[in-house]
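Once you've looked at the hints, dock chain B against the given chain A.
The listed protein sequences correspond, in order, to chains A and B. Sequential numbering from 1 applies to the first sequence in the numbering used here. Sequential numbering from 1 applies to the second sequence in the numbering used here.
Since the hints were derived computationally from the structure, they do not count as laboratory data. These numbers come from a predicted model, not from an experiment. In this text, a Cβ means the ideal position worked out from N, Cα and C, and glycines have one as well. Be careful, since some hints might not be right.
Unchecked claim - With a straight-line cut-off of 27 Å between C-alpha atoms, the simulated DSSO-like cross-links for lysine-lysine are:
hint, chain 1, residue 1, chain 2, residue 2
1, A, K64, A, K96
2, B, K40, A, K16
3, B, K376, A, K385
4, B, K380, A, K385
5, A, K113, A, K89
6, B, K40, A, K316
7, A, K398, B, K376
8, A, K189, A, K6
9, B, K376, A, K6
10, A, K6, B, K380
11, B, K40, A, K447
12, B, K376, A, K9
Claimed, not checked - Chain A stretches covered by chain B per the calculated footprint, using a threshold of three residues with CB under 8 Å from any CB of chain B:
hint, segment
13, 299-313
14, 328-340
15, 425-436
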Amino acid sequence: MSEVIKLKKGLNIPLKGKAEKVLVNPGPPGQYAVKPVDFPGIRPKMLVRVDDQVRAGTPLFFDKYNPDLFFTAPASGRVVAVNRGERRKILEVVIKAGEKIEYEDFGKADPGKTDREEIVRRLLKSGLWPLLRQRPYGIIPKPDSRPRSIFISGFDTAPLAPDFDFIMQDSASEFQAGIDVLRRLTDGKIHLNVNGDYPVVDVYKKVSGVQLNYFSGPHPAGNPGVQIHHIDPVHKNGAVWYIGPQNLLVIGRLFLDGVVDFSRIVALTGSEVINPRYYRTMMGASVDNILRDNIKEGNLRYISGNVLTGTRIPAKGFIGFYDSQITVIPEGDHHRFLGWAVPGLDRFSASRAFFSWLMPGREYVSDTNYNGGPRAFVMTGEYEKVLPMDIIPQQLVKSIIVEDIDKMENLGIYEVVEEDLALCEYVCTSKTEVQTIIRQGIELMIKETS
Amino acid sequence: MKLLRKQIDKIKPHFQKGGRFEMLHSTFDAFETFLFVPDKVTTRGAHIRDSIDMKRTMIIVVIAMVPALLFGMWNTGYQHFIATGTEAGFLDNFLHGFVKVLPIIVVSYASGLAVEFIFAQIRNHEVNEGFLVTGMLIPLIVPVDVPLWMVSVATIFAVIIGKEVFGGTGMNILNPALTARAFLFFAYPTYMSGDFVWISGLLKGEGIVDGFSGATPLANASLGNTEAIPSSMEMFLGTIPGSIGETSTLAILIGAAILWFTGVGSIRIMASVFVGGLMMGLILNLFAVNPFMEIPAWEHLIMGGFAFGAVFMATDPVTASQTDRGKYIYGFLVGFLAILIRVLNPAYPEGMMLAILFMNVFAPLIDHNVMQANIKRRLKRAEGSNILNKVQ
Numbered sequence: 001m002s003e004v005i006k007l008k009k010g011l012n013i014p015l016k017g018k019a020e021k022v023l024v025n026p027g028p029p030g031q032y033a034v035k036p037v038d039f040p041g042i043r044p045k046m047l048v049r050v051d052d053q054v055r056a057g058t059p060l061f062f063d064k065y066n067p068d069l070f071f072t073a074p075a076s077g078r079v080v081a082v083n084r085g086e087r088r089k090i091l092e093v094v095i096k097a098g099e100k101i102e103y104e105d106f107g108k109a110d111p112g113k114t115d116r117e118e119i120v121r122r123l124l125k126s127g128l129w130p131l132l133r134q135r136p137y138g139i140i141p142k143p144d145s146r147p148r149s150i151f152i153s154g155f156d157t158a159p160l161a162p163d164f165d166f167i168m169q170d171s172a173s174e175f176q177a178g179i180d181v182l183r184r185l186t187d188g189k190i191h192l193n194v195n196g197d198y199p200v201v202d203v204y205k206k207v208s209g210v211q212l213n214y215f216s217g218p219h220p221a222g223n224p225g226v227q228i229h230h231i232d233p234v235h236k237n238g239a240v241w242y243i244g245p246q247n248l249l250v251i252g253r254l255f256l257d258g259v260v261d262f263s264r265i266v267a268l269t270g271s272e273v274i275n276p277r278y279y280r281t282m283m284g285a286s287v288d289n290i291l292r293d294n295i296k297e298g299n300l301r302y303i304s305g306n307v308l309t310g311t312r313i314p315a316k317g318f319i320g321f322y323d324s325q326i327t328v329i330p331e332g333d334h335h336r337f338l339g340w341a342v343p344g345l346d347r348f349s350a351s352r353a354f355f356s357w358l359m360p361g362r363e364y365v366s367d368t369n370y371n372g373g374p375r376a377f378v379m380t381g382e383y384e385k386v387l388p389m390d391i392i393p394q395q396l397v398k399s400i401i402v403e404d405i406d407k408m409e410n411l412g413i414y415e416v417v418e419e420d421l422a423l424c425e426y427v428c429t430s431k432t433e434v435q436t437i438i439r440q441g442i443e444l445m446i447k448e449t450s
Numbered sequence: 001m002k003l004l005r006k007q008i009d010k011i012k013p014h015f016q017k018g019g020r021f022e023m024l025h026s027t028f029d030a031f032e033t034f035l036f037v038p039d040k041v042t043t044r045g046a047h048i049r050d051s052i053d054m055k056r057t058m059i060i061v062v063i064a065m066v067p068a069l070l071f072g073m074w075n076t077g078y079q080h081f082i083a084t085g086t087e088a089g090f091l092d093n094f095l096h097g098f099v100k101v102l103p104i105i106v107v108s109y110a111s112g113l114a115v116e117f118i119f120a121q122i123r124n125h126e127v128n129e130g131f132l133v134t135g136m137l138i139p140l141i142v143p144v145d146v147p148l149w150m151v152s153v154a155t156i157f158a159v160i161i162g163k164e165v166f167g168g169t170g171m172n173i174l175n176p177a178l179t180a181r182a183f184l185f186f187a188y189p190t191y192m193s194g195d196f197v198w199i200s201g202l203l204k205g206e207g208i209v210d211g212f213s214g215a216t217p218l219a220n221a222s223l224g225n226t227e228a229i230p231s232s233m234e235m236f237l238g239t240i241p242g243s244i245g246e247t248s249t250l251a252i253l254i255g256a257a258i259l260w261f262t263g264v265g266s267i268r269i270m271a272s273v274f275v276g277g278l279m280m281g282l283i284l285n286l287f288a289v290n291p292f293m294e295i296p297a298w299e300h301l302i303m304g305g306f307a308f309g310a311v312f313m314a315t316d317p318v319t320a321s322q323t324d325r326g327k328y329i330y331g332f333l334v335g336f337l338a339i340l341i342r343v344l345n346p347a348y349p350e351g352m353m354l355a356i357l358f359m360n361v362f363a364p365l366i367d368h369n370v371m372q373a374n375i376k377r378r379l380k381r382a383e384g385s386n387i388l389n390k391v392q
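So here's chain A without its partners, still in its complex pose (with noise of 0.2 Å):
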């Protein structure tokens, strides 16, 4: 076993809603969309029309800039609508589930005895490519280009993450598949990064072709920027891609049984879930038949995805591209009265600020309110504390504001995206929104670099 990387710098935020170790067959969710918006930086060019009929893995569009980049349906059926936002800007193509899924035939084959460049065309063409993802800018990587190693984060430790030893229990084939259509892709090494606070289940310890290497420490240990950073650094020397265990899975069934199945189990979390739970759904499903009779009343906020980083959806939304989990919290849209003064026991603080560290171990309700106004930056040392990255947090997203491009690439734009300065965002004294100026650099980076 080789060493334990321990991180010290981190903070898990203790919600109440965790999910218990159940699975739930919900049945079929009745609609599916695939969003445009998970995928930044694409322009997305639409292939199908309202009314046409779909399989599982037909393309419904693909990227004006890299035409060979393809998104294809979760599930058969019919599209009923191509919903779009401001400036016709495509937000989500519904497709109205027919009664069994029809797929679409891609050829069981082994990847090796498979060359690379067939697997990157069945990669494209069936839609998975998109499940990968590289460093630096947490984007797409382009179809021609060689990664120098590929991350695989085995954990979650975001706030009432999903645990993946739970998920990925009985899915040693379709991984060790996956596992191996990746060493085809890179001439470096497989990172297989796991919680070494556990012992390591099979799946993860059974699979051959990879390295392990073992975390510790609280959120974001699980995240694969702090996983890169520590063992493969980004710099501008090149990219490391990355991929999440359960989007593996699909790539492994496309050549195990020759078919574009994007099942994955979710986890339904937060303190307004009456059983949270974990549930057999598809990528793109509808969250309706997973939420109904399952959610207190009251005003909430749906997200798909955790609580730092998930994107918002409305409560019959469907499940983002790269998602794991579905969170329900109240929304906080109400006033506190004299909240500099009050002792605050049930207010969960970063800092000691409250007297709720008189309780340790409790878990907390966390509404969607600001908590404060906000301001220019005052108080430093905070985005230390939760970030275990050799990066000063603070001087970068200065760096960014002012557009020095200079100062982004050296104090370490490469190296982050929006998910790994999150719990920056939330200990934010002054509320700066960190997690839009990271992505801003991004972008800035993006257009100044090509």
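Only chain B this time, still in chain A's reference frame:
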């Protein structure tokens, strides 16, 4: 509470755009958010945010100053009655001090907040909470007999020149409270030094007990009257003449503990200031050529404004170094320079104010160097990992 909320919601439209009192928008907002945390919800980024905000942070700093303030009030009376040779009980001491100190606090807050509100209105943004701390710091670092108009002038000067010209809280280079203190020191030196300013009622020179000097320990030390320096226990507890809040190291350390425990004040800075001061003291002890240089290094830490500056002034996050490593260097140099100025500059026995202001100016340079080191280190790592990959 609900009734209050209803009333606020009723009058709120008048203060918003197009309302009758639109010009008082920021003022209204300040009072509203003082009473109620806004109902604004997250629209992008993290869906939940930490409970802490600027108001809570600043209030905690103010609370941390309360022990020093209360002790300062008591000590004001205590020193006064010693000087006049009157018997007085605990309550008499405290009441005398309370009556003397409260007006200074009121004047400081009133003048500073007036400027803050005006600037918030002109700039059309929310009133910043930074002055809650500055407004309390200023009374604690002035001699008790300072004329109130001077407090007012100094406060207004500090808020405008020290802070608002740079863009307000968070943008300033110099610590506003120290700017006020420096302004007083250089503009009205006769009121800020000498032996009589530190104890209330001595300026007129009436009714003083024969032989009573009123000199602070530092003044005695700089004159070489080492026998006149009070015992270290007295200096630690603070029963000595000095600025209102600076005398009791014990009360200040209680404040330091609050700041450290809540995570609001930087322990890195506080600790390294003390280390820096101790180092300089030891160096001076080595070359001890006059009585001041012979004072044990650790006694410097409980004399004058050293402890107060270390805990409440040097830790101001806006004007200190912002990087973790930078904070150690910054703090160390503050302490180091404070003792250097204190002992080797005969014109000014209290070096803490100048040392902190000086290091405020240099803090960005320290941060710059810390950043450069970080950049080099990370570049090296990335190159290293490249080579490693090629070998494999």
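Structure-based check of all given hints:
no.	hint	result
1	A:K64 x A:K96	holds, 26 Å
2	B:K40 x A:K16	holds, 22 Å
3	B:K376 x A:K385	holds, 22 Å
4	B:K380 x A:K385	holds, 24 Å
5	A:K113 x A:K89	violated, 41 Å
6	B:K40 x A:K316	holds, 24 Å
7	A:K398 x B:K376	holds, 19 Å
8	A:K189 x A:K6	holds, 21 Å
9	B:K376 x A:K6	holds, 24 Å
10	A:K6 x B:K380	holds, 22 Å
11	B:K40 x A:K447	violated, 33 Å
12	B:K376 x A:K9	holds, 22 Å
13	299-313	holds (count 7)
14	328-340	holds (count 11)
15	425-436	holds (count 11)
Violation of the numbered hints given earlier is confined to hints 5, 11; the remaining hints are satisfied by the structure.
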